[in-house]
Structures are given as C-alpha cells and as structure tokens.
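> Residue strings, one per chain:
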Amino acid sequence: MFKKNASSMDRIARIVIAAICIYLGFIDSSIIGDQLLAIALGVFGVVNLFVAFSGFCPVYALAGISTCKAPKE
Amino acid sequence: MNVRKRLVTAFVLVALFVLVLFGLVAHRAALDANNVQELVLLEQVVTTEVKTHLTALPKTISLEQIRGLLPHSESPEFVFFATDHKNIIMNQRGSQAVLDELTATFPLKEVLDSPSHNGNITTEQYAFSWAKSALPALPYTLVLIHRKDPELPTFSVTLAKRLAILAFVITWLAIWIALIASKRIVATIDGQNAALHHQALHDKLTDLPNRYHFTSELDALIAGKRALTLFIIDLNNLRDINDTLGHTAGDQMLRLASQRILALLPAGAIASRFGGDEFAVTVHIGSDDEIAQLATRLNQAINQAYAINGLEIMTHASIGAALYPNDAEDAATLIKRAETAMYHAKQQRLAFQQYDSEIDPYSVQRLALMAEMRHAIEDNQLVAFYQPKIDLQTLKTTSVETLVRWKHPTRGMIPPNDFIYLAEKSDLIGKLTLWVLEESLRQCRRWQDQGIHISVAVNLSARNLYDQHLAEQVDRLLKKWAIPAEQLKLEITESVIMADPEAALATLNRLHAMGIKLSVDDFGTGYSSLSYLKRLPVSEIKIDRSFIMDMLKNESDSVIVKSTIDLAHNMGCIVVAEGIEDEPTLHHLIKLGCDMAQGYFISRPVAGADLTPWLSDSRWAA
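Those protein sequence lines, which keep their order, are chains G and A. For what it's worth, the working numbering labels the leading residue of the first sequence as 1, then goes sequentially. For what it's worth, the working numbering labels the leading residue of the second sequence as 1001, then goes sequentially.
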C-alpha cells in the first residue's frame, strides 16, 4: 500500500536526525530549556524515525517525489 | 521539474527571510523587556536599602561615616555608592582602584541630574543600568549601578538557542509545504498545458488528431520501417447537408462518421480528420486483400444512414489508399498519393481506389512526358490521323474526324488518351488544338484542290472553351486555308459541356454564329441535362461507341440507340454512330434511321497521305 520512496542514504540521514531530535526533545530537554519547543522537536524526531524504518515518507508521497533510484526502463 | 525546483527554492528563501526578521524583532523585544525589568529591580534594591538601613540617621553624619553603613555587594558588577554630589564613597569592600575607574568613566553628573530614578547609560567601554534614591533629611544620594560586560549576556544566549531550534523546525516544515505546494502548482500548470497541447493537435469537432499531428505521427510510424497503408476518406455530400440542414447537422454527421471509422480500426491504427469532409486512417496492413477488405468495411459503415434531427441522411464515401513503402517513402508524399487515389475515386464515382502511378497526373513519368510535350509541337513530332465518317443513306464518305498521335522519338506512337489530358493540365492544350486545326484545314485544302470535297471535324477540350480567343483563331485559320466555315466541325465531349454549361455556351454561340457546325461527342456517357442540351447550338450528336458495339447482343443498348436517334432528330440534330466494327451493326443502324457512321469496319484512322487514295478508290469513296 505504501510504496517505498526513501533511499537507504535518505533513511540513514533520517536516523541521525531522528536520534538528535528525540534526544534533545525527550531525553535531555534541559539543553533546549523550553518544554514546548522540546516536544515539537521530539515529535519531529519520531516522524523521521518512522520514515527511516518504513522507507515511506508521507511528504514525499504527497509531493510526488522519491529518492529511490528510478527503475531502469 | 525546473519550475518546481525554483518554486521550492523561493518558498524556502521566503520562510528563512521571515524567520530572520522574526528572530531580530523577538530579540530586540526581549532585550527591551529584560532591561525594564532590571531597572525596576535595581530601584527596588536601592529604596529597600535606604528604608531599612539608612533612615533616621543623625543630621550631622558625614559621607565618610555612611561608608560603614553601605550594603555589601556580592558581585563586582553591582556597585553601591553614596555621594554628596561632589565626592563619591563606596563601601569598604570596594577598592580604590575600582572607585577611581568608576569615577573616571561613569557619567555621575548625568545620573544625579536625571529627574528619573533609574536609567541606562552607555559609555565607550561599558553599558550601565542605574537606580538612585536620596537619603531622607540628608544631602546624600545612594546610587546602585550595574556595570554590564560587552559580552553576550546569558539571557541572549538562551534566546538565540531557542530561536535557532525554532528556525530549524520551521525551515523543515517550510520545505515540506514547499514540496507539496509546488507539486500542486506544477500539476495544475501541467494540466493546463496538456489541455492546450491537446487542443493544438486535435480536431475540435471529432477530437481526432488533426492533419499536422497526424503527419508527424505518420512520420514516426514510417521511421519504424513497418509496411503500412494510408487511407484518405472523403464524404461526398457534406456540403449539401450543411447547405440544406445547417452546419450543426453536418457537424453531427462528421462526429458519427468519425465514430464509425474508429470502431472499425484495429489496434495501432491512427485516424485523423484532415478538415472539411476528409478523414485519414493509417493501418499496419500491406496485402491488397486486407486493404480492399478494410476499404469495403469503411465504405459500408460510412454509407449507412445517419439519423440526424429525426431524418435519415445518406452520404457516400470515396476512399483512396497508398502504401508505404510501395507508393511513397515519406509521410508528405504518402498523403499526396492517397489523396490522388481518393480524387480519382471521387471523379470516377468509385467507392475505393488504390494508388497507382497510372492514375496520378503528377507521377514522375507523366511529368517527364509533360516536359517533352512542349518540344513535341515545335519538333513536329505530332501526326494528324483521319478517320472517315460515311453517310448512311448514300454510303459515301462526307467527312473525316482528325485524331492526333504523338510520334515520340523513344516511346513510339502515343495515343491521344495518354497525352491530351497532360496538355489540358498545362497550358499546351491551346497550342495543341491550334496545331490540329491548322493541320486539318491544310489537309482539307489539299483534298479540295484534288477535287475531294469533304468536311473535317476537330475535337475541342474543356480549356479551349474557356479561351476567349478561340473563335478569332479559328476564323483566322479558316481564312488562311480558304475553307468555308460549314466545312469545319468542332466536337466537344458531353462531360466538358456539362462541367460548366454557361461558359461553354458563350464560346459555342460565337463559333455557331461563324457558321461552324458543332457536335456533341461521346453522347450517353455524361450526365447531360436535356434542358441544357436543347439550348446548345449543336447540329450533330455522336452516340458513344460503348452503346454501338454491344447493340446487337444487348437489347437495352439497342433501345438506347434508337431513343437517342429519335431524340436527336426531334431536336433537329443528325446522329453519328461511333465504333462500327462489322456489317450487321451498320445495317442495323441504317434500319434504326441513324444518319452517319464511323468505325474500324469502314476505316481505321490513317495518315492524310494514305487516306487520299482511299477517298477516291474505296467502296466508301467520297
């Protein structure tokens, strides 16, 4: 149903971003110091984590793009 | 995609710009708020200090004595001091060096003169916030200053950090929105472009590809090197339908016809409307059987009645076909060839015609022949042949018909059917007719001089009838060879007269007025309107050979001949039968009351010199 649209490089980059965001958002939010901002960042991290593991990015799907290699004709 | 990248870049740039602006404003607002709060705090500290520690002091207390009462400051940045507006004293903890530096750089007078209880002052080295309070009943003032380092305050660092994270999240969101929005925008634009593109390449009425689009598609198919057949389909009476029932009816018929055509086509075939009543179809078939079959099915489909406005309307199609690669190797030529075939079908009232260079007036051989014909007249390659016509009462020759042959240097003798129409297509027909006229009159004069008194008949073509100088030219030649006008007969085929009866009538009237006899050739093959025929100044009707040749075998032909003879006689014309090939036919014609006869049984067409002895010695001698 969900066609994969994120390449492995894309997914690796998202794991890194997700890790940083979740750490700053939920694990050690004192660095940011603002609860609201920390939660926003954390949620953002979770979204990226989902993309990293599923290989499907809803925004890519809506925008009609894919970082996967186009299948050869 | 290019548009899209630009859109995304623009979105992100705008987002970043707004973010920077927001950051700046937020920073400034926060700084201001921070400052005001600090001043209030400083003032609170000073007034509390004065109220708690420095009230009810003796009036005699000196500035020096107050020093011991000043509160201790924890930070070197916060300094309390008392002043009598001339001297400054700090509490004991403050070193003299600090005091000296302070008195040197702090604009004390400005602070003391200020009507406000607090404020900010910026000097070259420091930024100060201050608050002051007068000691009750004493000429001294207590001042608290906060000397700020030019380094970024921790407050700003916190603010900047939050702004940066916010910027990161907002930028990321902006990119998301930019990607999605740009997709929507590009999709809308693409949709509109596609609609325009479709409109430019398709016929509005039938939604079939238009001629331009079809030609490029055909080019692409031809590039694939597979054999294909191009059909051109023409609906024959669309104009009548438009004229009588209106254009909506015509349009509706075209739409229905296009649907019928499409329904018959195999996969991979392309249909197009070339405009007007012309359709084109290209199919990957190559065998004559398949082509003929498809043409038949197309014809049957199109020729079925159309129910329009509650009426049953009929049309019939003329279909022409040309094959790639047999007939042409490029799209433009292929279309031209198929159209040639279609026009031929239309002219001949055929349902279908496949292209053949024989029917193409513009095929290479024909064009070459047309070029050579220009020289044929000057180089005397034309030869006049004469075929006698006999009177069926006396059985004597009274007239000859001149027929032209082309003695081609390499192709041998070319019969008139193969080159006359080429002359008609070029401007040579006028010259050719004059040549034949002159040759006939010259021969006629020669026979006259030899005592043979017969008339000559010359064929005119359609183009001759539209030539306004024809009558003058004929007159000049008659005078030149001293032949009386009555001895010249001009023959015009029935179809030529009927093509444009009014124009023909004008020329024919002038010729008739000169005394020249006029004859209708090939009678029975065209679609003569008797009412027109009645108005023409003709004195002779020649029944087409097709009726005469089968007359004895075919009863209906005999009836036609008989009726034609009666009709002609009633109109005051004499009747000539062409194509007599045997004696029984001749006798039958005499019985039917025919006036004159011409044919191989009497004599083939022969050269003038050869006919002269025949005219005096044969059974049909003049």
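FYI, nobody ran anything at the bench for these hints, they're computed from the structure. Be careful, since some hints might not be right.
Subject to a maximum C-alpha distance of 25 Å in a straight line, what follows is the list of computed PhoX-like cross-link-like pairs (lysine-lysine) [said to hold, decoys possible]:
(1) A/K1425 - A/K1396
(2) A/K1109 - A/K1161
(3) A/K1183 - A/K1161
(4) A/K1109 - G/K4
(5) A/K1425 - A/K1336
(6) A/K1346 - G/K4
(7) G/K3 - A/K1553
(8) A/K1553 - A/K1534
(9) A/K1591 - A/K1553
(10) A/K1407 - A/K1396
(11) A/K1183 - G/K3
(12) A/K1225 - A/K1059
Per label pair, the in silico range of CB-to-CB distance [claimed, not checked]:
(13) A/F1022 - G/F56: 42 to 52 Å
(14) A/T1333 - G/P58: 23 to 33 Å
(15) A/F1022 - G/P58: 19 to 29 Å
(16) A/I1121 - G/Y23: 36 to 46 Å
(17) A/V1036 - G/S8: 31 to 41 Å
(18) G/S8 - A/K1161: 25 to 35 Å
(19) G/I20 - A/G1191: 39 to 49 Å
(20) A/H1197 - G/L62: 19 to 29 Å
(21) G/L62 - A/K1204: 46 to 56 Å
(22) G/L62 - A/I1121: 31 to 41 Å
In this text the structure is predicted, and so the values were computed from the model without any measurement. Note that CB positions come from ideal geometry on N, CA and C, so glycine has one too.
> Indicate, hint by hint, whether the structure satisfies it.
The hints, checked one at a time:
1. Between A/K1425 and A/K1396 the alpha-carbon distance is near 38 Å, which puts this suggested pair outside the 25 Å criterion.
2. Between A/K1109 and A/K1161 the CA atoms are separated by roughly 39 Å; this puts the pair beyond 25 Å, and the hint is violated.
3. Simply put, A/K1183 and A/K1161 have alpha-carbon atoms about 33 Å apart, too far for the 25 Å limit, and the pair is violated.
4. Restraint check for A/K1109 and G/K4: not satisfied, since their Cα atoms lie roughly 74 Å apart, outside the 25 Å limit.
5. Pair hint A/K1425 plus A/K1336 holds up; C-alpha atoms about 17 Å apart against a cutoff of 25 Å.
6. At roughly 61 Å between alpha-carbon atoms, A/K1346 and G/K4 are farther apart than 25 Å, so this suggested pair is violated.
7. Distance check on the hinted pair: G/K3 and A/K1553 sit about 84 Å apart at the alpha-carbon level, beyond 25 Å; violated.
8. Restraint check for A/K1553 and A/K1534: the C-alpha separation of about 31 Å exceeds 25 Å, so the hint is violated.
9. Restraint check: the Cα-Cα separation between A/K1591 and A/K1553 comes to about 16 Å, which is no more than 25 Å; the hinted pair holds.
10. As the CA atoms of A/K1407 and A/K1396 are separated by approximately 31 Å, the hinted pair breaks the 25 Å bound.
11. A threshold of 25 Å between alpha carbons decides the hint, and for A/K1183 with G/K3 the separation of about 18 Å falls inside it, so the pair holds.
12. Distance hint between A/K1225 and A/K1059 is unfulfilled; the C-alpha atoms sit about 121 Å from each other, more than 25 Å.
13. Distance hint check: the CB atoms of A/F1022 and G/F56 are about 33 Å apart, inconsistent with the given range 42 to 52 Å.
14. Against the hinted window of 23 to 33 Å, the Cβ-Cβ separation of A/T1333 and G/P58 comes to about 56 Å, which falls outside the hint.
15. Taking 19 to 29 Å as the suggested C-beta distance range, the pair A/F1022 and G/P58 conforms, at roughly 27 Å.
16. Between A/I1121 and G/Y23 the beta carbons are some 44 Å apart, a value that agrees with the proposed interval 36 to 46 Å.
17. For A/V1036 and G/S8, the Cβ-Cβ distance of about 54 Å falls outside the hinted range of 31 to 41 Å, so the restraint is violated.
18. Look at G/S8 against A/K1161: about 33 Å separates their beta carbons, and that is inside 25 to 35 Å.
19. Between G/I20 and A/G1191 the CB atoms are about 40 Å apart, so this pair conforms to the stated range of 39 to 49 Å.
20. The beta-carbon spacing between A/H1197 and G/L62, approximately 26 Å, falls within the hinted interval of 19 to 29 Å.
21. Remark: the range hint 46 to 56 Å for G/L62 to A/K1204 is contradicted by a beta-carbon distance near 36 Å.
22. With their beta carbons about 56 Å apart, G/L62 and A/I1121 fall outside the hinted range of 31 to 41 Å.
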